[in-house]
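Participant: Protein chains in written order, with this note's numbering: chain A, 1 to 322; chain B, 1 to 323; chain C, 1 to 299.
Hint data in this document are derived by calculation from the structure and do not stem from the laboratory.
Hints are not guaranteed to be accurate.
Said to hold, decoys possible - Residues from chain B shown here face chain A by an in silico Cβ test under 8 Å; the list is partial:
| hint | residue |
| --- | --- |
| 1 | G154 |
| 2 | A181 |
| 3 | D182 |
| 4 | R184 |
| 5 | I187 |
| 6 | H208 |
| 7 | E211 |
| 8 | G264 |
| 9 | L265 |
| 10 | Q289 |
| 11 | L292 |
| 12 | A296 |
| 13 | T304 |
| 14 | G305 |
| 15 | P308 |
| 16 | D310 |
The model shown is predicted, which means the values in this text are computed figures rather than measured ones.
We treat Cβ as the ideally placed atom computed from N, Cα and C, and that holds for glycine.
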Amino acid sequence: MARRIATYDLRVEILLRAEKLTKRYGSVIALDEVSFEIGGTITGLLGPNGAGKSTAIKLFLGLTEPTSGRAEVLGQDAGRDEQVRARLGYMPEHDCLPSAVSATEFLTHMAETSGLPPRHARVRAADTLRHVGLFEERYRPMGGYSTGMKQRVKLAQTLVHDPVLVLLDEPTAGLDPTGREEMLALIRKTHREFGISLVMSSHLMGDVERTCERVLVLENGSVLEEGETSTFTEASETLYIEVTARRSELIAALAARDVKATEEGSSLVVDSVSGEDYDRIRDAIVAANAPLRRLAPRRRTLTELFQSETNDAEDAEDEGIA
Amino acid sequence: MSGPDWANVADKSLADGSAGAPIVRVDNVSKWFGSLVAVSEVSFDVRPGITGLLGPNGAGKTTLLRMITGLAEVSQGEVTVFGGSPRTDPELYRRIGIMVEHEGSYDFLTGRRFVELAARLRKVADVTRAATTSIDRVNLADAADRPIKTYSRGMRQRIRLAATLVHEPELLILDEPLNGADPRQRIEFQELLLRLASEGRTILISSHVLEEVELLASRVLLVVNGKLAAEGDFHAIREALDDRPYQVRILCDRPRALAAGLIGLEAVDSVQLDDDTLIVLSSNVGALQASLAHSAADLGVRLTGVEPLDDSLESVFGYLVDR
Amino acid sequence: MSERGSGQVFDLGFRRYEGQREGRRRAVRAVHKDGVRTAMGLGRGGKAKVLPWIFIAASAIPALVFALVAGAVDRLADGFSEAADLPSHADYYGIAGIVLFLFAAVVGPELFCPDRSSGTISLYLVRPLRATDYAMARWAALLTVMVVVAWIPQLVLLAGLVFGAPEPGSYISDHWKDIPRFLVAGLVIAVYVSTITSLAAAYAKRRAYAAAFLIGVLIISAAVIGGVTETVDDGVGRWLALLSVGDIPIYVNDIIFDERTSSIEAARDLSNAVKIGWYLAIVATAGAFVLRRYRKLSL
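Chain A on its own, in the form it takes in the complex:
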């Protein structure tokens, strides 16, 4: 059995592949002939509630059968053999830690349930807890842990058996800003230092922009968008200028140099800026003697992916999941 697992080609570039993947629950179509590939990186899995994200995760974990099409994990059919899960990690959004046992005890057990022999399991548990930043606390029962510590253990149990790919379901939900930043830093570290690929679902676009190199957006059971995160956050030719005083003087100075600026919030916005426009803007700021706080192109944000749709679509979807 052990030998067979070792035969997976772990250098495959495509870790997850959906091929015309369809999943129906009765009359509800959770996934509708979606095709996509996820490679060795940090991928954000986005989409409204009920878009099909959880269904996709379940299919890749082999916990449910596709109605039609194929879900492939590490080059093989996800549902074919539960042994592929020895190379995967999964972190649920909800609480999942028993309160009576210590993190060390629990992690050792989780490593064993992933197929590691006990003596290795113990060493891996201790190492992994250190990597996620849990030290003296790891010998105390987990019931007394803070939210941040629990999140660390939840992440550690996905890493303890050295997986190729980890799936994270809303890893920052309910965390306070400090906890969120720590979690995201751990996720980045998991990829950069441990060489483990991750797929994380999230409703917080800021988290995804800061953490994920690629995004896959599902909507109504179909792929809405996919690609490098940077392509969704690229700079436009619209320039934002923020000054801390003398705003009207600056508008006048810009107008005197044929630069048309409009006010938007606390910023001035100049459209289609290029080349010498920048010099004119700089000179206008000097002439107006305005203290310059920010001068930056408007960047698109991932949030915009969700801005244009109408409410009707969402209601239909809400009803679908209900």
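For chain A, the structure is supplied; the task is to place chains B and C on it using the hints.
Facilitator: Leaving out everything else, chains B and C in the frame of chain A:
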């Protein structure tokens, strides 16, 4: 310094003649549970517009909100809402709307019945009309006559908001109202809150999602360890943290020339040159802002980007919490 | 002149795991081991260990009493203990079976319910084993504990009888058949209580509900069936005897020892095949429902 919505709202309330007196006044308030001090000598005012209440888990935010809504007693100090005490004046409830994170809704009721029930509890005159208006406002008209148990999480959140708004409260207290909401629901909710604020209402919202608070609230209250660590416009808060040098990233066509020019400025502590990017550290950001464009112009350098790196609400939060 | 010692810096960064991966087999063993540890309170606080040992002590008390009585009788009247048909291995489960039931009802749900209510089950579902493997491993863990708990008092009793007898050697040669009998009977009762408990624990939301349900069913069915079978016609009564949940494994015990120890008189009219068949049917049905429940679990 403040955003346009905030400014508009302030003007409006001036016109109403209600300016001056704050809607909520928290005066030297402490709360302890046995030997545990949850809130310690906190004072602030909340005026019309959106105020964000921030802080790490366990900092005392929920306790503060509970005292403001009269659900918890203060151990010391005084909370005034609309000039009265929320503990003793039940009439105040008709002017307050509350939505907290974990709250059951009645699953067997239809959305409409649930909102009507809320209206009746607040003694609204025309219950049917108030419910319809409120349900329209959260875009749930189509689903209003279905039982809540058939609703998705997003719809539940919206129907609870409709119940919160049904009596047209002047003051809205929202404790982590968006936990678990998806991106589209967040956008809608933000738009709704901005609209409510522009109508002159007072909104106090606690949230962990700082990017969102940054978009919504021009004024923030930051609670750390039961104490008020900072309040006001967060740019101003950042500037008040003068022991933290500012980092500014500058993009230009001749970075080496600009670096040489900037290092001569009194306001500049250090300049780091990284490919075509300059990172400038400054303890006197005002002076840097005033002279940056001048320096570039003098040297004939084309400035294509100036971005403060650590004055987001997030970095301000980080600095204050770690302090 | 000082010589410089050698120095080395070790990489404490994340290491790849290159060791063996034993997959499903190891996973099942781990779930079983953890189940046994949970049941016995190992790796948990001191309080968790108290309950199992109280039960083990309680179940050993009747055995000690039997042994002491037999020893005393032998001393007073040599050979009388045979004639008096003193309580022995065959009678033990009829009397102490209730303790085994209680033990399983109180400790068993702990192996199933908390994993579901705390959400830990999700972490098992995504590991290289099936949900049904998990359920079977938990059941096997409970069975392991129950077998030990069922055998310990019998062994205590055996030791008491052997060393209490005037001639230990001849006692063993006269009574050696009791040993395989009580081992099999212990297994029979352990399988039964483990499976019934697993069934209740698989469906109950909380362990307290499962425990209350099991104890309720046990006591009520014993009381009602015990009473009713005495009043109704024997032809009906013998079938009703099959409904006394706690007595079913005792009927099998009686077949194994070829004695009658069950308190339900009406059962004597049932054939051995019916009793054994009924026992097997109940165990198989309960087991099937446990697996069904776990097959349907989702993240």
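Participant: B:R184 was flagged as interface toward chain A. Is the shortest Cβ-Cβ separation under 8 Å?
Facilitator: Status holds, d = 5 Å.
Participant: Min Cβ distance, B:Q289 to chain A: is it shorter than 8 Å?
Facilitator: The hint holds - B:Q289 has a Cβ within 8 Å of chain A, the shortest such distance being about 4 Å.
Participant: How about B:L292: closest beta carbon in chain A under 8 Å, or not?
Facilitator: holds, 5 Å
Participant: Given B:H208 as an interface hint, is the shortest Cβ-Cβ distance to chain A below 8 Å?
Facilitator: holds, 5 Å
Participant: Holds or violated: is there a CB of chain A closer than 8 Å to the CB of B:P308?
Facilitator: holds, 6 Å
Participant: Does the CB of B:G305 sit less than 8 Å away from some CB of chain A?
Facilitator: It holds, given that the least Cβ distance between B:G305 and chain A is near 5 Å, below 8 Å.
Participant: For the hint on B:G154, just tell me whether its beta-carbon gets within less than 8 Å of chain A.
Facilitator: Cβ of B:G154 sits 6 Å from chain A, so the hint holds.
Participant: Quick check on the hint: B:D310 CB to chain A CB, less than 8 Å?
Facilitator: For B:D310, the interface hint is violated, since the closest Cβ of chain A sits about 13 Å away, which is over 8 Å.
Participant: Take the shortest C-beta to C-beta distance between B:A181 and chain A; is it under 8 Å?
Facilitator: Holds - the Cβ of B:A181 comes within 8 Å of chain A, reaching about 7 Å at its closest.
Participant: Is the shortest C-beta separation between B:T304 and chain A less than 8 Å?
Facilitator: Nearest chain A Cβ about 5 Å off; hint holds.
Participant: Next item in the hint list is B:E211. Is there a CB on chain A closer than 8 Å to its CB?
Facilitator: Holds: closest Cβ of chain A sits about 4 Å from B:E211, inside 8 Å.
Participant: With a cut-off of 8 Å, does the beta carbon of B:L265 approach a beta carbon of chain A closely enough for the hint to hold?
Facilitator: violated, 14 Å
In terms of the numbered hints stated before, the structure departs from hints 8, 9 and 16, listed from lowest to highest.
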